[in-house]
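Enquirer: Spelled out, the chains give:
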Amino acid sequence: MPVGLAFDEMKGTDGQVRAPYSELANWLGDVKADVLDYRRREAELLFRRIGITFAVYGEADSTERLIPFDVIPRILGAKEWDLLRRGLEQRVRAINEYLRDVYTRREVLRAGIVPDDLVFQNPVFRPEMNGQKVPHNIYVHIAGIDIVRVDPETFYVLEDNARTPSGVSYMLENREIMMRLFPELFARHRVAPVENYPDELLATLKSVAPDSASGDPTVVLLTPGVYNSAYYEHSFLADKLGVELVEGRDLFVKSGLVYMRTTQGPKRVDVIYRRVDDDFLDPLSFRADSALGVAGLMSAYQAGNVTLANAVGTGIADDKAIYSYMPDIVKFYLGEEPILKNVPTWRCREPDHLAYVLDHLEELVVKEVHGSGGYGMLIGPAADKAQIASFRTKLKLNPKGFIAQPTLALSTCPTCVDAGIAPRHVDLRPFVLTGRDKIRIVPGGLTRVALKAGSLVVNSSQGGGTKDTWVLDR
Amino acid sequence: MLSRTADNLYWLARYVERAEYLARILEATQRLASMPLAYIGETNEWESALSTAGCSSAFFAAHEEANEATVTDFLAFSTSNPSSIRNCFEVARSNARAVRTALTMEMWDAINTTWLELKRFGNRPSSREELARFLTWVQECSLRFDGSAYRTMLRNDAYWFSRIGVYTERADNTARILDVKYHLLLPAHEHVGGPLDYYQWSGILRSVSALTAYHWVYRESLKPWLIADLLILNDQMPRSLASCYENLVQNLDRIAGVYGRQGPAQRQARSVRTRLQNSKMDEIFQSGLHEFITSFITDNNKLGSAITQQYLA
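Chains as they are written, first to last, in the numbering used here: chain A, 1 to 474; chain B, 1001 to 1313.
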């Protein structure tokens, strides 16, 4: 996709600087290249010293690597954000309704909105959750919704992340570092703060404690441990939340209650913000070979004595196979038109869709239904003949395993590259918190940027970087 | 706090302390080994450095001969020696990473910077000057870490567990030096070394950074029984066994105070401290310096297990 055709967050399609970017454009015009470069190196040094690194699976050599940080912010005007905020809230409300329904009355299946087999034959569907009541009927307490933009008015939801979405530490640290490096830029803008995210998260988590918990519930963050790629984020969040960062071996279950091992003996745990996947949560219920989980945790959960955030089985909401039904799901539960659109999606399980996809592989993006992290996908326009041929075979063998979407002209944002400042494609992951009392969304999110010219893949595991995201308060 | 967190803090502090101690041993050994034999006698200082570091058997399982190159490599840089300086810092940093939330930014920065710089020293120094720079750097890292802990940590159980790690390790280190070199410290009429020992004595003091302290405390030339007194019973001396136990008792008592409960760890620490308080150097010599040190090392290990059982497991 040639970058020139994409909508630019700063310069639109006609080269005119858009209003939210006017101050930034002036500043970029004034600032000397070496100043920018110097700040850029300073930012890297800060990140390195703070220790924000992530591990890339499959790279034996670099167990800890920095995600590149771009110092030019991505800016959203107040109106743009208002649209996003309403759309996100709506979407997450629908996701929670849908999950409750799928695991209880299944009206959405009976009404034929979502095909049965997509739910029941889906490995992320958890039969253990059938008929299971979850505290306050909330399944997805923390959602990360990936948004892309193609023109001034159109934001698409690219993906819902309803299991253990990550990246929020970058949102917070990017802002910290930007404020340290560019105080004069902040003086020229009115940027809505994001630093209250940990407080909002803690309030959300405490609000969903089981009824049997004490007045001041004990919250912990469960991490798979230091070898997990998002470990830095786990420790960062636990620190900001002021809660214990626990591993499976720190917890145990006795008489249906969950306890952590402390220097003062066992202490009861009420809410677990878990960053461990369903499969590894409890060796007695899921994978028996998991050393990351807590034996008996599911039984405590099923007895209603502990809240897991997010709930078990939420994958059935963010699975790529379910994604294409999301607009109907929103209408079904809320009776409203979706504020945020889906990317038009061909379901290869449907024969006419498959036929279209096979005919247009050169122009489509084909994704594995159960893939993530930008792995195992075909970007038609960037692929060579051999890759396309091999995908064609895969598709024919297992059409159900794939969906296809048009190659979107993702919006671009000015970005520091070797040759100066150039437009690069971006997406946005805002974080939506659902508590018993209300939905909370901190203005902003994580902007990911594809640093390679023309690349559309923003995943950090594939060479993507991040930017600070500014929401202007007017 | 989580038992695992306390355990990590305790070992983090121990490993940093151990790295510093190994650097001091290597410095002192280097100094002794470079003297003419007429001044220090027919000893293999490198072998003695290995025993002081407590890793002779591991060393000789892999090497034939203890000399400057092999021992320096083994104690400072070897990846196969779990207690080499390099591994101490590696383990310290991975412990720190596992308990990021319990460390202050300054402490994390100290240990993380150490770990990042460690990579720059490569596998082995190209010259004695470079080794000397490395050993100085190791001690600075430990000082920086310790200083960060002292100046920035909240005074709560996390701090006390980390202090307990420092003092348990330090007591063990001082006792090990005494264990290996005790024969040099026996009163004059009991041993056969003579003036050769002067440099050995100053070597011992250097390895616990107490040479200057000795002169301030005793205002005398080096006397072996005074050196023993300084390292064992003198509670002004931060690396003496008495001082370590003074601190261990204090920190364990603070934990017991806040938790509202005492246990075997507090009792063990207090009984060792009482023994040190009630001892006199001449009595220790009479009943056997070596026996005294050996039983101290056993007691110190017992305290380590008691702490682990009571709090860290």
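Hints in this document: simulated from the structure, not taken from any laboratory. Predicted model only: the values in this text are computed from it and were never measured. For glycine and all other residues, C-beta sits at the position ideal for the given N, C-alpha and C. You may find that some hints are simply not true.
Just the calculated beta-carbon pair ranges, DEER-fashion [what the hints assert, rightly or not]:
hint, chain 1, residue 1, chain 2, residue 2, range
1, B, Lys-1223, A, Glu-44, 23 to 33 Å
2, B, Asn-1301, A, Glu-44, 41 to 51 Å
3, B, His-1215, A, Leu-46, 38 to 48 Å
4, B, Trp-1137, A, Gln-264, 58 to 68 Å
5, A, Leu-46, B, Gly-1147, 32 to 42 Å
6, A, Gln-264, B, Glu-1283, 12 to 22 Å
7, B, Gly-1122, A, Gln-16, 52 to 62 Å
8, B, Glu-1130, A, Ala-419, 52 to 62 Å
9, B, Tyr-1150, A, Gln-264, 23 to 33 Å
10, A, Asn-459, B, Glu-1090, 40 to 50 Å
11, A, Lys-400, B, Thr-1308, 25 to 35 Å
Residues of chain B placed beyond 10 Å of chain A at every Cβ, according to the derived structure [claimed, not checked]:
hint, residue
12, Leu-1037
13, Ala-1066
14, Ala-1098
Enquirer: Determine for every hint whether it applies to the structure shown.
Expert: Comparing the hints with the structure gives:
Take Lys-1223(B) and Glu-44(A): their Cβ atoms lie about 56 Å apart, and the range 23 to 33 Å is violated. Our hint of 41 to 51 Å for Asn-1301(B) and Glu-44(A) holds, since their Cβ atoms are close to 45 Å apart. As the Cβ distance of His-1215(B) to Leu-46(A) is approximately 45 Å, the hint placing it in 38 to 48 Å holds. The hinted window of 58 to 68 Å between Trp-1137(B) and Gln-264(A) is violated, with their beta carbons roughly 39 Å apart.
Separated by about 22 Å at the C-beta atoms, Leu-46(A) and Gly-1147(B) break the suggested range of 32 to 42 Å. In this structure the supplied range 12 to 22 Å is violated for Gln-264(A) paired with Glu-1283(B), their Cβ-Cβ distance being about 40 Å. Range check, Gly-1122(B) to Gln-16(A): about 55 Å between beta-carbon atoms, so the 52 to 62 Å window is met. Distance hint check: the CB atoms of Glu-1130(B) and Ala-419(A) are about 40 Å apart, inconsistent with the given range 52 to 62 Å.
Remark: the range hint 23 to 33 Å for Tyr-1150(B) to Gln-264(A) is upheld by a beta-carbon distance near 25 Å. Remark: the range hint 40 to 50 Å for Asn-459(A) to Glu-1090(B) is contradicted by a beta-carbon distance near 30 Å. Between Lys-400(A) and Thr-1308(B) the C-beta distance comes to about 54 Å, which lies outside the given range of 25 to 35 Å. For Leu-1037(B), the requirement that its beta carbon stay farther than 10 Å from each beta carbon of chain A is met, with the minimum near 48 Å.
Look at Ala-1066(B): its CB is around 34 Å from the nearest CB on chain A, clear of 10 Å, so calling it non-interface holds up. The claim that Ala-1098(B) is not at the interface with chain A is violated, since a C-beta of that chain comes within 10 Å of its own (minimum 5 Å).
Violated hints for the displayed structure, listed by number in ascending order: 1, 4, 5, 6, 8, 10, 11, 14.
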